[in-house]
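Engineer: Whole structure, please, built from the sequences with the hints as guidance.
Taken in sequence, the protein lines are chains A and B.
Here the first sequence stands for residues 1 to 323, where the numbers follow the UniProt record's numbering.
Here the second sequence stands for residues 1 to 323, where the numbers follow the UniProt record's numbering.
Calculated from the structure, these hints are not laboratory results.
It should be emphasised that the depicted structure is a prediction, and the values quoted were computed from it without experimental measurement.
Since no wrong hints were added, every one of them can be taken at face value.
Here are the simulated lysine to any residue pairs, SDA-like style, with alpha carbons at most 20 Å apart:
| hint | chain 1 | residue 1 | chain 2 | residue 2 |
| --- | --- | --- | --- | --- |
| 1 | A | K275 | A | A41 |
| 2 | A | K275 | B | K114 |
| 3 | A | K114 | B | K275 |
| 4 | B | K271 | A | W320 |
| 5 | B | K275 | A | Q112 |
| 6 | B | K271 | A | P319 |
So these bits of chain B aren't anywhere near chain A, every CB distance computed over 10 Å:
| hint | residue |
| --- | --- |
| 7 | R98 |
| 8 | G147 |
| 9 | F150 |
| 10 | I174 |
| 11 | D176 |
| 12 | Y218 |
| 13 | A231 |
| 14 | K302 |
A virtual CB, placed ideally from N, CA and C, is assigned to each residue, including glycine.
Number of protein chains: 2
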Amino acid sequence: MKDHAPLYIPTYDDVIRAHERIAPHIHRTPVLTSSFIDGMAGASLFFKCENFQKAGAFKVRGACNAVFGLDDEKAATGVATHSSGNHALSLSYAAGRRGIPCHVVMPRTAPQAKKDAVRGYGGEITECDPSTSSREAVFADVEARTGAEFVHPYNDWRVIAGQGTCARELNDQIRDLDAVIAPIGGGGMVSGTCLTLSSLAPHVEIYAAEPDQADDAYRSFKAGHIIADDAPDTVADGLKVPLKDLTWHFVSSNVTDILTVSEAEIVEAMKLIWKRMKIVMEPSSAVPLAAVLKNREVFAGKRVGVIVTGGNVDLDRLPWMTA
Amino acid sequence: MKDHAPLYIPTYDDVIRAHERIAPHIHRTPVLTSSFIDGMAGASLFFKCENFQKAGAFKVRGACNAVFGLDDEKAATGVATHSSGNHALSLSYAAGRRGIPCHVVMPRTAPQAKKDAVRGYGGEITECDPSTSSREAVFADVEARTGAEFVHPYNDWRVIAGQGTCARELNDQIRDLDAVIAPIGGGGMVSGTCLTLSSLAPHVEIYAAEPDQADDAYRSFKAGHIIADDAPDTVADGLKVPLKDLTWHFVSSNVTDILTVSEAEIVEAMKLIWKRMKIVMEPSSAVPLAAVLKNREVFAGKRVGVIVTGGNVDLDRLPWMTA
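Structural biologist: The structure is reproduced here in structure tokens:
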């Protein structure tokens, strides 16, 4: 696995190349505003709507960069990953666009809708038991059998360079931002944002927002080294994964602060966005707005980019149905 | 009431003047597409997203045109209407922007959220009993007491000219449309669309879409005269009202056909749009897509504008929660 390769730190040139490579396969997503929410926040918020992205999430940027960056010989054997979330969808989408195989290892307990969506994009699923040991064993087997290229959901420089194209668009769409805030799970989007803005607009503050109930990045940031949570549980299910060495590099070097919010604050912010902005987004994507509303003094009067990371939500299981 | 004034038929010049008048107070809403839904429909669909409009619906166009078209003396006494839906919100918004009173007669049984929203925009509510006789008596009293200008939700030439600005934007945003489809209740949006397109692009077919369970416009269209439903019941609660003389003029003169759909088809189309396009819209706004999917042969290969009329939905009472 690439986890054991020497750590290559991508540069802004990698982001530019990624952007050229993936442009035919992604949307340049719109930036939306809400005067009502601005009034609540006491700041000017610019929502970068990756919920409108292909495959429904920003992850398609990194996945496309990895897939379309492969040489033809390597591409022919396909790509592989383990994920039950947006990365699996996105890698399947990217591989489908290139016409190469995509192998996804997913727990057999993953929602049928997710499995259907991966298969809908042409991904081939190998099921594992819902444990880390089973996932690793099954994945190693798939990798050995197929020779497919492993594309990690976030701890991969190609993926991070791809995610960096989002902040590049945002910086082009909205001038004079004072800050950008994004949710943090494994740190792929935050790392890409750091990579781009530290080069393009180094004065822009970068905040990461995280659930209280999955606050490993917050604790890592305060401690100065990676701390992994043991089985975090949050409605923001995209944010349960821990930082890894490459994302830790960016988070520890470029992030201004990490802000945490409660489950109730996440659901309230999610509902507020749906109600006022009329857009469908995931619980994870509401975490930044929840953090802005909880920390008004940090953002007062500022122009703040807010990354809305994705819109793949189960409409039959909205968090306020059970909250 | 203006219902008894001689019938003035607005012209496209009225739409142009309306557009100049209301431009500072409305959004030029975006047009979104979905390759997935296009594939299902076998047509190219262009969704004109009035769910992103100020006050959450297209109704603000007509309301703003009526409010900002008043001379100062008339405006000083304010405007009035009876509505428990988007027109009440929109008129309150428009009046608030002009700084004049807005009197809204609403049944005391209307949802608290609607009342709060009207008051949030500065509207003053007078409650009536949930019957036509009570509404008319209470409204007559409000009108006599305040001298406010009545703005009917749709049977008013100023309102229709305002709604016509939506199709004017759409025709500017998307070239070479073959058809436009909009939901029909009282017929304000459809009339405005007819008014604009019959002048700007008379070759474009205009379809109206209606719930089976509130198919008075369909039956009127087939019969050649207005037929009002007796207490229609549909999840598309914006579409329960009947045609009136002015909207009948446009519907009978310019509409190509009226297509009806079942409740289940409406809910399915609504969920499809939420899931695939990641936008929040009302049940009424899903009726056109339901009609397109049900009548593929009518729209096959065509470029079709679909008016997404509004996004004011109760997130705690989504139709598939009980369906």
